[in-house]
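There are 2 protein chains.
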Amino acid sequence: MASADRHAFASPLRRGVYEAIFRRRDMREFLCDPVPDQVLARVLIAAHHAASVGFTQPWDFVIVRDLERRREVRRVFDQERERNAAQFTGPRREKFLSLKLEGILEAPLNLIVTCEPDRFGPGVLGKVSIDEVEIYSACLAVENLWLAARAEGLGVGWVSIVRNDALRKIFAIPENVIPVAYLCIGYVKDFPDRPILESAEWAKRLPPRTLLHFDSWGARDGRADPLTKAIEDGGIWREIFPDDSPPNR
Amino acid sequence: MASADRHAFASPLRRGVYEAIFRRRDMREFLCDPVPDQVLARVLIAAHHAASVGFTQPWDFVIVRDLERRREVRRVFDQERERNAAQFTGPRREKFLSLKLEGILEAPLNLIVTCEPDRFGPGVLGKVSIDEVEIYSACLAVENLWLAARAEGLGVGWVSIVRNDALRKIFAIPENVIPVAYLCIGYVKDFPDRPILESAEWAKRLPPRTLLHFDSWGARDGRADPLTKAIEDGGIWREIFPDDSPPNR
Chain L
1 MASADRHAFA SPLRRGVYEA IFRRRDMREF LCDPVPDQVL ARVLIAAHHA ASVGFTQPWD
61 FVIVRDLERR REVRRVFDQE RERNAAQFTG PRREKFLSLK LEGILEAPLN LIVTCEPDRF
121 GPGVLGKVSI DEVEIYSACL AVENLWLAAR AEGLGVGWVS IVRNDALRKI FAIPENVIPV
181 AYLCIGYVKD FPDRPILESA EWAKRLPPRT LLHFDSWGAR DGRADPLTKA IEDGGIWREI
241 FPDDSPPNR
Chain Y
1 MASADRHAFA SPLRRGVYEA IFRRRDMREF LCDPVPDQVL ARVLIAAHHA ASVGFTQPWD
61 FVIVRDLERR REVRRVFDQE RERNAAQFTG PRREKFLSLK LEGILEAPLN LIVTCEPDRF
121 GPGVLGKVSI DEVEIYSACL AVENLWLAAR AEGLGVGWVS IVRNDALRKI FAIPENVIPV
181 AYLCIGYVKD FPDRPILESA EWAKRLPPRT LLHFDSWGAR DGRADPLTKA IEDGGIWREI
241 FPDDSPPNR
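Protein sequences, first through last, are from chains L and Y. Residues in the first sequence are numbered consecutively from 1, following the numbering used here. Residues in the second sequence are numbered consecutively from 1, following the numbering used here.
The set of hints was computed from the structure by calculation and includes no laboratory data. Treat the hints with care, as some may be off.
Copies of the same chain are indistinguishable here, so a pair counts whether it falls within one copy or spans any two.
[To be verified] In the EDC-like style, the derived pairs of lysine to aspartate or glutamate whose C-alpha atoms are separated by at most 20 Å in a straight line are:
id	residue 1	residue 2
1	Lys100	Asp190
2	Lys100	Glu29
3	Lys229	Glu72
4	Lys229	Asp118
5	Lys189	Glu239
6	Lys189	Glu29
Generate coordinates for the entire structure from the input sequences, incorporating the hints supplied.
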């Protein structure tokens, strides 16, 4: 494979990508230190370099510093959290209510990633029967932003317990623009080793082998496929992390 | 900031994240060399470590090696490409038809990333009024996969010119599961410096400052905001790329 994989990154660069992926967390607690403009600028440029269908770059970024608007968002969150809690009963409901699920007011910065479909007109290369493809692109931008932020030491939390009609009203977002992600951003005291919902025993990490299907849904190859063996073999990380295990693996 | 940003990655690791983001490309041409199972396993584990709403991990991965099924997908692509072409006229249509938009048969591997909503039941933490949040999570997994693949020297191409009903039929995917991304994966001869649709002059990269809004949609602060200045200042990259400019910036 010496020739085919010649575009692979040198060891520390490749490790950097996996470190960001494994150490990224959905954060709800933030320090009040401001986010330097040059760091935020790099993170936003990283988001802007996501893939987009037909190179439409359908995203915009609403930088939210104003505290009064954030208080309005927080009120919407509180209402929606009540509705979300109503989906659960008993100890599950109690656990839900014990979780801190946002850092809207304490984070030094909030950020909305939006999607404007048909930005350059109704014809979009790559948009035929799947109408949501531009929203998918905006999500790719969110993950770029999240990983670049992690590398910069910045925490990001995605608050999905909101309502898009309320966000449109609070931030004067036009009807044709979709608020895709409401994010809280700031430095953090610590990035926990595991996802907060995993530590809180809200849900378990699924074993990766259970997510594999071979050529047809449900065809799992009885663990005989070499890929299934590889995905369960910690040894595949040795060339990336020669001195230790990858974080949270 | 010495204390607040203490979780920032060391220099080469941080650079690795930005290298992956700036050097990632949507590829349509592939070498026939096989993808080693341990490399594919790492890339899939990277996808599995994306954020997911309520830690639902709604994704599955259909590994597509079978050539007959891929020929069926290619036939669907050909039909959908005709429909997509009909959205354009004149030179724009000719340019569309001149572009290679998939590598379904030549890539050594195809992969479908799916989304299964309500995987653990109808109550989902974080899913209230925005019904698509789990699809958003699956998209985050796609970007993780894409960036890890780039670091490994693997090219990925997202074929959105397909039909989900056809994919469900070809791969026996249940009705409640959404095929989010149909991907072609393989080593490549070269990663081009710029996105293929940018080089082909299909669309231009938007200047990042035009995507910024301050506290309210359309409020652009007349270039006076320090963030706008920072996002236009190439000097913000000096600490990440001390010896040269970042790729394609």
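Hint check results:
1. In the homo-oligomer, the alpha carbons of Lys100 and Asp190 lie at most 20 Å apart inside one protomer (15 Å), although the nearest pairing across protomers, at 46 Å, exceeds that limit.
2. Taking CA atoms no more than 20 Å apart as the test, Lys100 paired with Glu29 passes inside one copy only; the shortest distance there is 8 Å, against 46 Å between copies.
3. When the C-alpha separation of Lys229 and Glu72 is checked against a cutoff of 20 Å, the pair qualifies neither within a copy, at 51 Å, nor between copies, at 29 Å.
4. Proximity of Lys229 to Asp118 under the C-alpha cut-off of 20 Å is found in neither arrangement, the shortest distances being 44 Å within a copy and 29 Å between copies.
5. For a Cα distance limit of 20 Å, the shortest separation of Lys189 from Glu239 qualifies neither inside one copy, at 31 Å, nor across copies, at 23 Å.
6. When the C-alpha separation of Lys189 and Glu29 is checked against a cutoff of 20 Å, the pair qualifies only within one copy, where the shortest distance is 8 Å, while the shortest distance between copies is 45 Å.
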